[in-house]
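2 protein chains.
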Amino acid sequence: MSRTAHQVELSRAVWDVLASQGIERLTIRAVAAAAGCTTGLVMHRFPNRHALLKHARQLLHERTRERADALEAEAGNPRAALRAVLAQGMALDERTAAESIVWMGFLAAAVGDEDLLTLHRTNNKAWRVRISRLVSATEPDWPEERVTTTAFALIAMVEGAAALASTDPAAYPAAVQSAMLDATLAGFGLT
Amino acid sequence: MSRTAHQVELSRAVWDVLASQGIERLTIRAVAAAAGCTTGLVMHRFPNRHALLKHARQLLHERTRERADALEAEAGNPRAALRAVLAQGMALDERTAAESIVWMGFLAAAVGDEDLLTLHRTNNKAWRVRISRLVSATEPDWPEERVTTTAFALIAMVEGAAALASTDPAAYPAAVQSAMLDATLAGFGLT
DNA sequence: TCGAAGCCGTAACAGCTGTTACGGTAACAG
DNA sequence: CTGTTACCGTAACAGCTGTTACGGCTTCGA
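Sequence lines, in order, name chains A and B. Each step along the first sequence adds one to the number in full-length UniProt numbering, with nothing skipped, and position 146 is 146. Each step along the second sequence adds one to the number in full-length UniProt numbering, with nothing skipped, and position 83 is 83.
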């Protein structure tokens, strides 16, 4: 397997461990076990643990961005695109729920880690720009401040809902999350 | 110092370490250092690390509940109480920002930890009941489903905003967070 | 003043951590 | 078929982890 293919595989293993065992058990040995290899391979593909985490974090962001791009392209209009992109950020099924836990784990891991913090801030800024653009496209007449405030609130709601749903799926089933999203969009006049 | 006073002090130390160094550096030695004592004292006050974390988590919840009770009592009407209680959940100043990071850390620590998960779910349920009650008191004519959906969306927005703001204060200053809250409340017709 | 009791700092322990070094083996050019 | 190269599994290392054991010290009743 090539170097980059291994890096993708190991990043996936990082996500697996993060989602199933939590950040406290995110060790190189655990990652190697999840990837079905030894620590030797891991340390040959990454100079150290920190680089492994950064790569996994960055790759997760790229995957999310690609999926959002695809959803936007599929949607017929800005309104539908906005809803679709926001919905993919929630924990509506097992896959996105696991992803949300991974997301949370990286956020917690970023505390006191300047590199991961910078990565998070850069990614989040791109996310704000994307949602603001979609809100603006849906309501072209809104002043900029209304656009950004609305976009930020939508982002926060989705982020919070994903965190709550992934840690307590019974209390926040998919239907409830969808209702939350629809009610918020309706409240902002984006239905 | 009494046993319970020590437990409070050590819980505060847990919060300190969690907020300043992150979950990966949350060791008994780090907690002891933050509390200005040795690991001997820590292990005399708690049977093990897990019990220490559970106690710190539970105490944080109790403090939050007490503050919410006080805010409700101070507020003149349900509408003001709702806004005040929600606002205290955001990261509007340095203290609440640190608290939000601690909150996030516990959430990440709860992954794969049944005890901490149960604690979180119990606390979050109490929170949902509280916010739903305040929404219902503000709009007594709303049907139950509208009340809960609105309450859940408000909770998610505040939770998400706190997480975003505490990890990227420059992008989400207090004024922006307040605007997000007001816009959301206005969108739901709760102004 | 004396003895007892328990608090808690010190030091040790085994186990796990990230990281490094070594060596066997597969792949590949000639 | 042979020599070389690079991959990666194995094993070791020092350092840190949670936890335990010990013993000096303070405190307090008689």
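FYI, nobody ran anything at the bench for these hints, they're computed from the structure. Incorrect hints may appear among the rest.
As the list claims (entries may be wrong) - With beta-carbon atoms standing in for the labels, derived distance ranges: (1) A:Glu-145 - B:Ala-80: 20 to 26 Å; (2) A:Glu-145 - B:Glu-94: 21 to 27 Å; (3) A:Asp-141 - B:Asp-115: 36 to 42 Å; (4) A:Ala-73 - B:Arg-29: 35 to 41 Å; (5) B:Arg-29 - A:Pro-47: 23 to 29 Å; (6) A:Gly-36 - B:Ala-73: 53 to 59 Å; (7) A:Arg-133 - B:Asp-182: 34 to 40 Å; (8) A:Pro-47 - B:Ala-126: 45 to 51 Å.
Even glycine gets a Cβ: it sits at the ideal position worked out from N, Cα and C.
Verification of the hints:
For Glu-145 (chain A) paired with Ala-80 (chain B), a C-beta distance near 25 Å keeps the hint of 20 to 26 Å intact. Checking the proposed 21 to 27 Å range against Glu-145 (chain A) and Glu-94 (chain B) shows it holds: the Cβ atoms sit about 26 Å from each other. As the Cβ distance of Asp-141 (chain A) to Asp-115 (chain B) is approximately 52 Å, the hint placing it in 36 to 42 Å is violated. Between Ala-73 (chain A) and Arg-29 (chain B) the beta carbons are some 52 Å apart, a value that contradicts the proposed interval 35 to 41 Å.
Between Arg-29 (chain B) and Pro-47 (chain A) the Cβ separation comes to about 28 Å, which falls inside the hinted range of 23 to 29 Å. Range check, Gly-36 (chain A) to Ala-73 (chain B): about 58 Å between beta-carbon atoms, so the 53 to 59 Å window is met. At about 23 Å, the CB distance of Arg-133 (chain A) to Asp-182 (chain B) disagrees with the hint of 34 to 40 Å. Checked against the given bound of 45 to 51 Å, the beta carbons of Pro-47 (chain A) and Ala-126 (chain B), roughly 46 Å apart, stay inside it.
Going through the hint list in order, the structure does not satisfy hints 3, 4 and 7.
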